[in-house]
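> Spelled out from the first residue to the last, the chains are:
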Amino acid sequence: MSKILEPAHAGTLESSDVFVRVVPSEQNGIEIELESSVSEIYGEAIELLIKETAEAMNIRNIRILVQDKGALDYVIKARVQTAILRAQGTVSPDWSVLS
Amino acid sequence: MVFSEVPSSNTIRVQKIKEFLEKEDLEISEDIETFVIAKEDDAIVACGGLSGKVLKNIAIDESIRGEGVALSLMSELLKIAYSLGRDELFLFTKPMYEDVFESCGFKYIEQANQQVILMENRYNIDAYKKRLRKLRQSGDVIGSIVMNANPFTLGHRHLVEQACLRSHWVHLFVVKEDASFFSFEDRYRLICEGLADLKNLTIHEGSDYIISKATFPTYFIKDKRCIDSLYTELDLNIFRNHLAPELGVTHRFVGEEPLCVVTNEYNMQMKKILAKPSAFPPIEVIELPRIEYNHEPISASRVRKLMKEGRLEEISHLVPSSTYRLIETMLSTTSH
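Line by line, the protein sequences are chains A and B. For the first sequence, the positions run 0 to 98 when numbering that gives the first Met the number 0 is used. For the second sequence, the positions run 0 to 335 when numbering that gives the first Met the number 0 is used.
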């Protein structure tokens, strides 16, 4: 199980991007707070994507705060991965799990 | 468009920012640590400032509005704040820009005179209100006092005593911001020790929502004699519309203020604002006369002045024993 060591962020608030903030958490699993300009249609799909992205990186406990401005899936995934890597202080990531 | 960070120590570039803000009808805040500016053809077209956990002085030139610059600017400001470990942020802006900042994750808390609004990105005020609600006491007269007590004197003691006599219960808030000569920890401890015998009293640690750098930034720039009635109103509106209803506060007690301009102004405005028609019941302000020693009102500023002059004996007539002991220790350690 991987751990998040410190708060970190990735992305911007610009249109078609997403601002992701991750905060360490001791328990409570993966908590996601999503605000999205397209949440009515894609809210659930985005939350699922974020959850799967974190799980694929072996994260079990984390708070992920997300301000989405209509980003496409691969953008959201990349931003979440980057925020987590930064929070772990990872310099050379295992690229195979980030596909 | 190029974004860059400008520390407030860079006086030449800050002067340019000041001119830009004036053009946008905003006064530069003196307590900003870092500005973010956007430049186009060497001219500033947007800027925003960070002061503690507060974002303010945010402005965008008319010529480039509607291009999403606000979102880029906010991204830059948030990155700086977050990398300094400041996650729980406040923001001041004009009411007309509420929507813009809402789309950056900020939520409206309160306004003043339709000129300024305070927003927050975590909306902790809801949790705070819930905590207050649990401390509610029953009674017809529920008093409230807000004090900095820098340090706690017999004058403060008298005010609280009188309030407790006139109320079924009194809620006392201690200003939490660590911007005074005495630390919050010392101020809070001396208040608790000096009032331990009063039974119908709850002492609250202050919060960001009651005389803090978020609700009332100018309170902490006292020596400049800089009084901004706008922020006084903001602070009082939050008290009236958010905090007081949770505790069922009916009265607010203040000491008469012959010496300090900021506090005097605050008291006068308080009477007006807390009684103004609103969705919540009015709160009556009771101004109590100060007690005197040697024909001069007892105040914290007088104690601090005597400390500077090293007149320990005189101080002993102005403060309770716990405060005296702390001052004695402070003076003996500095003189060695």
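The set of hints was computed from the structure by calculation and includes no laboratory data. Treat the hints with care, since some could be wrong.
Straight line, CA to CA, 27 Å or less: simulated BS3-like cross-link-like pairs of lysine-lysine [stated by the list, open to error]: (1) B:Lys175 to B:Lys198; (2) B:Lys128 to B:Lys17; (3) B:Lys78 to A:Lys76; (4) B:Lys52 to B:Lys106; (5) A:Lys2 to B:Lys106; (6) A:Lys50 to A:Lys2; (7) B:Lys78 to B:Lys17; (8) B:Lys106 to A:Lys50; (9) B:Lys129 to B:Lys78; (10) B:Lys175 to B:Lys129; (11) B:Lys129 to A:Lys50; (12) B:Lys38 to B:Lys52.
> Look at each hint and say if it fits the structure.
Hint check results:
1. B:Lys175 to B:Lys198: holds (23 Å)
2. B:Lys128 to B:Lys17: violated (37 Å)
3. B:Lys78 to A:Lys76: With Cα atoms ~19 Å apart, Lys78 of chain B and Lys76 of chain A stay inside 27 Å; holds.
4. B:Lys52 to B:Lys106: holds (15 Å)
5. A:Lys2 to B:Lys106: Violated, because 31 Å separates the two Cα atoms, which is more than 27 Å.
6. A:Lys50 to A:Lys2: Cα-Cα ~15 Å, so holds.
7. B:Lys78 to B:Lys17: holds (23 Å)
8. B:Lys106 to A:Lys50: holds (25 Å)
9. B:Lys129 to B:Lys78: Since the Cα atoms of Lys129 of chain B and Lys78 of chain B sit roughly 30 Å apart, the hinted pair is violated (cutoff 27 Å).
10. B:Lys175 to B:Lys129: Holds - the C-alpha atoms of Lys129 of chain B and Lys175 of chain B are around 19 Å apart, at most 27 Å.
11. B:Lys129 to A:Lys50: Violated, because 30 Å separates the two Cα atoms, which is more than 27 Å.
12. B:Lys38 to B:Lys52: It holds: about 25 Å lies between the C-alpha atoms, which stays within 27 Å.
Of the numbered hints given earlier, the model fails hints 2, 5, 9 and 11; all others are met.
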